[in-house]
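Okay, here's what each chain looks like letter by letter:
There are 2 protein chains.
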Amino acid sequence: MSMIKKAIVLLSGGLDSTTAMAIAQSEGYDLYCLTFHYGQRHARELEAAGRVAAAFRAKKHLVIEMDLRPIGGSALTDNIDVPKGRNERDMQEEIPVTYVPARNTIFLSYAMAWAEVLRISDIFMGVNAVDYSGYPDCRPEFIKAFEHMANMATKAGVEGLTQLKIRTPLISMTKAEIIKKGLALGVDYGMTHSCYDPSPEGNPCGRCDSCLIRKKGFAEAGIPDPLEGRARAKIT
Amino acid sequence: MSMIKKAIVLLSGGLDSTTAMAIAQSEGYDLYCLTFHYGQRHARELEAAGRVAAAFRAKKHLVIEMDLRPIGGSALTDNIDVPKGRNERDMQEEIPVTYVPARNTIFLSYAMAWAEVLRISDIFMGVNAVDYSGYPDCRPEFIKAFEHMANMATKAGVEGLTQLKIRTPLISMTKAEIIKKGLALGVDYGMTHSCYDPSPEGNPCGRCDSCLIRKKGFAEAGIPDPLEGRARAKIT
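Which chain is which? The protein sequence lines are X and U, in order. Just so you know, the first sequence maps onto residues 0 to 235 in numbering that gives the first Met the number 0. Just so you know, the second sequence maps onto residues 0 to 235 in numbering that gives the first Met the number 0.
For the record, the hints were derived by calculation from the structure and aren't laboratory data. Any given hint might turn out to be false.
If several chains are the same, the list does not tell them apart, and a pair holds so long as it fits within one copy or across any two.
Stated by the list, open to error - Subject to a maximum C-alpha distance of 25 Å in a straight line, what follows is the list of computed SDA-like cross-link-like pairs (lysine to any residue):
1. K59 to P199
2. K83 to V116
3. K179 to G221
4. K164 to R68
5. K5 to D66
6. K143 to Q162
7. K4 to G71
8. K143 to E158
9. K59 to P69
10. K214 to E158
11. K58 to P69
12. K180 to A128
Pulled out of the complex, with its shape left as it was, chain X reads as follows:
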């Protein structure tokens, strides 16, 4: 009799979280997906997350409604323009306005709560410290500190029942490596969504940091982006 392994996956519907989910599945985990509707301007992400969860036959997909807009401070939730056409050096040198204060901490806190209720010890997350767009809460030091804190915070941790592990399989991969890994696992990246500022029809802008990083990743992997193909088809 084999043990059923369960994992929570933080799923945004983007390229990275979808790949992290494919990796969790390839390791034999049943998937419990957690998505946040946090007042982000690009709610297209949510549709992508739903498509991905269904395609992977997730056991459960929980969408948490929360409103980060009263807190403000980010181009993704506030009335600040999403920067366009930045070069790589700009992206790496400063923390961009698309950074949402404490976002990953808030997301992981909810995941930690759900993990405790479901008695799950593995949380998969698609953070990446290479092509990471300068967000402080995507660094390994942050993940390690969160894990330590989580094991101090929960009933399961204190009683020694479960030690929470934040699994970040993409953390030291380049975007091209992530894409190749996902394709090897059969991911259809046409389901995913990356753009911070899509058109009303859901087409990627092609010029925000997220689009530019994605474009570079596919170029370096030497593979066409199925999404770009579709976007072009819609535009012309």
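For chain X, the structure is supplied; the task is to place chain U on it using the hints.
Relative to chain X, chain U alone:
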């Protein structure tokens, strides 16, 4: 010219958070209150939080709507009965069903986000490790781990602009000491709300852990609880 000192206060409307707020004010901080409406059954807390924020002339009072019910796992958000009439030993020996998984972690994560946006470095919180009702996320080890994680997670922390401090002035005080401290600072505890399971009219049940701890605190302080007086008046 004096610097304006600002603090975020996690305000539930209960006895502890109200006292923590009085301490922050006595230290000269302008108060930015943060309250959560998280699907708790005792929404009376929210009214108390509003009264307290107004009485202390808080600069701002942000109420964050969020729904912890889909995550479940607690008598405060789920269909589990709130335990009544437990003795002190029961309360200390096990983590009660009123524990909300990862609640303080989630609350502090939002506070951390707001602190970053407002460039505030002090967050006051009324957690207490003495009469603490057995919650793992009220212990000093947890607070310390959170503080470390927070300084890894934020733009302000990474850029060295602000080091976040979680201020827990009540952490090693007994309930009686907390009450005496608050009264010395002029707190009217008649504004506060502690019961986990109030009547539809908002009267405390008098028998849940929170009511029992409060009752014991006032008894040990040798002071009548203004709330109990009012509740009785309403009942008779």
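Quick rundown of the hints versus the structure:
1. When the C-alpha separation of K59 and P199 is checked against a cutoff of 25 Å, the pair qualifies neither within a copy, at 29 Å, nor between copies, at 35 Å.
2. Within a single copy, K83 and V116 get their C-alpha atoms only as close as 41 Å, which misses the 25 Å cut-off; across copies the closest is 23 Å, which meets it.
3. For the identical chains of this complex, K179 and G221 are intra-copy neighbours only, at 9 Å inside a copy versus 70 Å across copies, given an alpha-carbon limit of 25 Å.
4. Only between protomers do K164 and R68 lie at most 25 Å apart by alpha-carbon distance; the minimum there is 24 Å, versus 30 Å within a single protomer.
5. In this assembly of identical chains, the alpha carbons of K5 and D66 lie at most 25 Å apart only when taken from different copies (24 Å versus 28 Å within one copy).
6. In the homo-oligomer, the alpha carbons of K143 and Q162 lie at most 25 Å apart both inside one protomer (13 Å) and across protomers (18 Å), since each shortest distance falls under that limit.
7. Proximity of K4 to G71 under the C-alpha cut-off of 25 Å is restricted to the inter-copy arrangement: shortest distance 21 Å between copies versus 38 Å within a copy.
8. With identical chains, the CA atoms of K143 and E158 are at most 25 Å apart both within one copy (20 Å) and between copies (19 Å).
9. Proximity of K59 to P69 under the C-alpha cut-off of 25 Å is restricted to the inter-copy arrangement: shortest distance 12 Å between copies versus 29 Å within a copy.
10. In this assembly of identical chains, the alpha carbons of K214 and E158 never lie at most 25 Å apart, being 46 Å within a copy and 29 Å across copies at closest.
11. For a Cα distance limit of 25 Å, the shortest separation of K58 from P69 across copies, 15 Å, qualifies, whereas the shortest one inside one copy, 33 Å, does not.
12. Taking the closest pair of Cα atoms, K180 and A128 come within 25 Å of each other only inside a single copy of the chain (17 Å); across copies the shortest separation is 47 Å, beyond that limit.
When the structure is compared with the earlier hints, violations turn up for hints 1 and 10 and for no others.
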